[in-house]
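**Student:** Chain residues, written in single-letter form:
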Amino acid sequence: MIIRDKVIKYGNDVNTDVIIPARYLNTTNEEELASHCFEDLDENFKQKALTRKIIVAGDNFGCGSSREHAPLAIKASGIKLVIARTFARIFFRNAVNTALPVLLSKEASENVNDGDELEVDLEMGLINDLTTGKTYKINQIPAFIQEIISSGGYINYTKKKLGSL
Amino acid sequence: MAQKILAEHCGQEYLKAGDLVNARVDLVLGNDITMPLAIEEFKKIGVSKVFNKDRVVIVPDHFAPNKDIKSAEQCRFLRRFAENQKITNYFEVGKMGIEHALIPEMGLVLPGDLVVGADSHTCTYGALGAASTGVGSTDAAVAMATGTLWFMVPDSIKFIYRGLLKPWVTGKDLILYTIGLIGVDGALYMSMEFVGPAIKTLSMDSRFTMCNMAIEAGGKFGIIEVDEKTEKYLKNKAGRDYKKYKADADVHYYKTYDIDCSKIDLQVSAPHLPSNAGNARDCRNIKIDQVVIGSCTNGRMEDLKIAFEILKGKKVSKNIRVIIIPATQNIYLAALNKGYIKAFIESGCAVSTPTCGPCLGGHMGILAEGERAISTTNRNFVGRMGHPKSEVYLSGPAVAAASAIAGRIAVPEEVF
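Protein chains in written order, with this note's numbering: chain X, 1 to 165; chain P, 1 to 416.
Incorrect hints may have been included.
Unchecked claim - In silico lysine-lysine, DSSO-like type, Cα no more than 27 Å apart, as pairs:
(1) LYS287(P) with LYS255(P)
(2) LYS160(X) with LYS44(P)
(3) LYS95(P) with LYS338(P)
(4) LYS255(P) with LYS106(X)
(5) LYS159(X) with LYS49(P)
(6) LYS161(X) with LYS49(P)
(7) LYS70(P) with LYS75(X)
(8) LYS161(X) with LYS53(X)
(9) LYS160(X) with LYS53(P)
(10) LYS232(P) with LYS95(P)
(11) LYS16(P) with LYS4(P)
(12) LYS159(X) with LYS53(P)
(13) LYS53(X) with LYS137(X)
(14) LYS70(P) with LYS305(P)
(15) LYS75(X) with LYS43(P)
(16) LYS44(P) with LYS161(X)
(17) LYS75(X) with LYS44(P)
(18) LYS229(P) with LYS244(P)
(19) LYS315(P) with LYS305(P)
Claimed, not checked - To be clear about the criterion: a stretch of chain P counts as covered by chain X if any three or more of its residues have a C-beta under 8 Å from a C-beta of chain X, and this derived list gives those stretches:
(20) 36–50
(21) 70–81
(22) 159–168
(23) 353–364
(24) 376–383
No wet-lab data here; the hints were simulated from the structure.
For each residue, glycine too, the CB sits at the ideal point set by N, CA and C.
Taking the hints into account, I'd like the entire structure generated from these sequences.
**Tutor:** This is the structure we're talking about:
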């Protein structure tokens, strides 16, 4: 799969409290969650997400609370992909389990600029920055985790497994 | 230690860091924020019953007692699921406590258990020698349906604590200091093993506090070996047999830190990261609007006792709000019987029924724009306790109680 879109860039330690503040966790409605996504970090996120669908961040993206509402809010905001140098472990699990593609790339995290246009080839494991002409490698994700994402998430994966037992 | 527990739970002799395994879990838990989503996902899987009605724990504690209509509806959704599934351990308002204080108190987690909870602070139970970690709602749904979950086996970091603790210093100060030392991702994906003579001297309450905040350094587990204090704590609580694990003498650690506790002062973590830790004395000119003593981190008996020793017979500073939240009904009752609650009320503090409430900016003490709190909770991210332009300083109970009297960040010596 190839994803081609523009970048919204954030820094280190973007936590789940700013991805979706707890005051909005009295619902599981994805559109409602999306309407408050990143509002305490970047009041222009919603506007940006209309034309830019890839988030690139630094270290420890998604640290803090285990709220799965965070990847759900990001997905429902139209974001197709999150690239970071590292992810907090619960966020990483939640993103995999809800089939939000998450990629680890130190080089891209350090060099891609806000607004750049990327072409990401998930099979080849390559990120082409069309704005700067540079190419970056994606850290390989274990086959088991890829299988969960390609099944459409952990629920579908589990249903398949239970069906085959 | 965590690797051994994981190996035992997937029928393997030995596991190494990085292995991906499907392991049997002993307990699955969730709350009124994460469980509604987990139940929706559970229903999609197509199994009719949870794997074991005695091993699923549901605690409405975050926005309960219901803070608004939507929260009331989420809690009702949980209650109905618990009724339909005949969940043994559903704890209603009036019997509930903050999950990570309540669940050990009820003897539901035991040494050697593998526990997953749809709450990041599930790592708290490592204080009992369990491998226990926070997961998301989909993970909780699959674990409820199958009694198993996928895990990546973590590497381990050893933290050795030596030396005598200074007066008023507790587990909170040790863990804030540690997070300050290694950073909010200093133990990313790692199991944090807390060992050494100073750990042996800590109360169980302080040990829970330390393991509770492993996640604040990115840790998967925070774990302490079972000793005589653990066994004593479990004595009238454990309803089943348990297994004690010890780290092998020749085990390889990713890293080892040797920490001299005699040099650790009372700590405060400044906004907006728990790793912004430093000496509380250096924050003494910082004025505050609110003090919170409570949460899954510091709402236990030791914390209330320290607050009582500092607050008794004194008045809280004019125009600041002091909110004290015993973490469970049992703790509340014990504090009442010891006269702590009376002393808190006479000092001018508000005392609340157990709830996570203000810790995550839910209810029971939200901050307005520009306001500042000192709090014994676990996170001080932007907007954590209310308005995105409010601030949270983290501390242990001694600094929080002293600050309540001073109206600014203070250490106990200043108010005696």
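**Student:** Are there three or more residues in the region 36–50 of chain P whose C-beta lies within less than 8 Å of some C-beta in chain X?
**Tutor:** Holds: 8 residues of the region 36–50 of chain P have a Cβ under 8 Å from chain X.
**Student:** For LYS160(X) and LYS44(P), compute the direct alpha-carbon distance and say whether it is at most 27 Å.
**Tutor:** holds (12 Å)
**Student:** Under the criterion that the straight-line Cα-Cα distance not exceed 27 Å, is the pair LYS75(X), LYS44(P) satisfied?
**Tutor:** It holds: about 19 Å lies between the C-alpha atoms, which stays within 27 Å.
**Student:** Is LYS160(X) within 27 Å of LYS53(P), Cα to Cα?
**Tutor:** holds (24 Å)
**Student:** Closer than 8 Å Cβ to Cβ for three or more residues is the test here. Does the region 376–383 of chain P pass it with chain X?
**Tutor:** holds (count 4)
**Student:** Need the status of pair LYS53(X), LYS137(X): alpha-carbon distance at most 27 Å?
**Tutor:** holds (20 Å)
**Student:** Quick one, are LYS315(P) and LYS305(P) close enough, alpha carbons at most 27 Å?
**Tutor:** holds (17 Å)
**Student:** Between LYS95(P) and LYS338(P), does the CA-CA distance stay at or below 27 Å?
**Tutor:** holds (20 Å)
**Student:** Just to be careful, I want the Cα atoms of LYS161(X) and LYS49(P) compared with a cutoff of 27 Å; is the pair within it?
**Tutor:** holds (17 Å)
**Student:** Would the pair LYS232(P) and LYS95(P) pass a check requiring their Cα atoms to be no farther apart than 27 Å?
**Tutor:** holds (24 Å)
**Student:** Hey, LYS255(P) versus LYS106(X), does the alpha-carbon distance stay inside 27 Å?
**Tutor:** With a Cα-Cα distance of about 22 Å, the restraint between LYS255(P) and LYS106(X) holds, given a limit of 27 Å.
**Student:** Count the residues of the region 70–81 of chain P whose CB lies closer than 8 Å to any CB of chain X, then report whether that count reaches three.
**Tutor:** Check passed, 3 qualifying residues.
Violation of the numbered hints given earlier is confined to hints 1, 8, 14 and 22; the remaining hints are satisfied by the structure.
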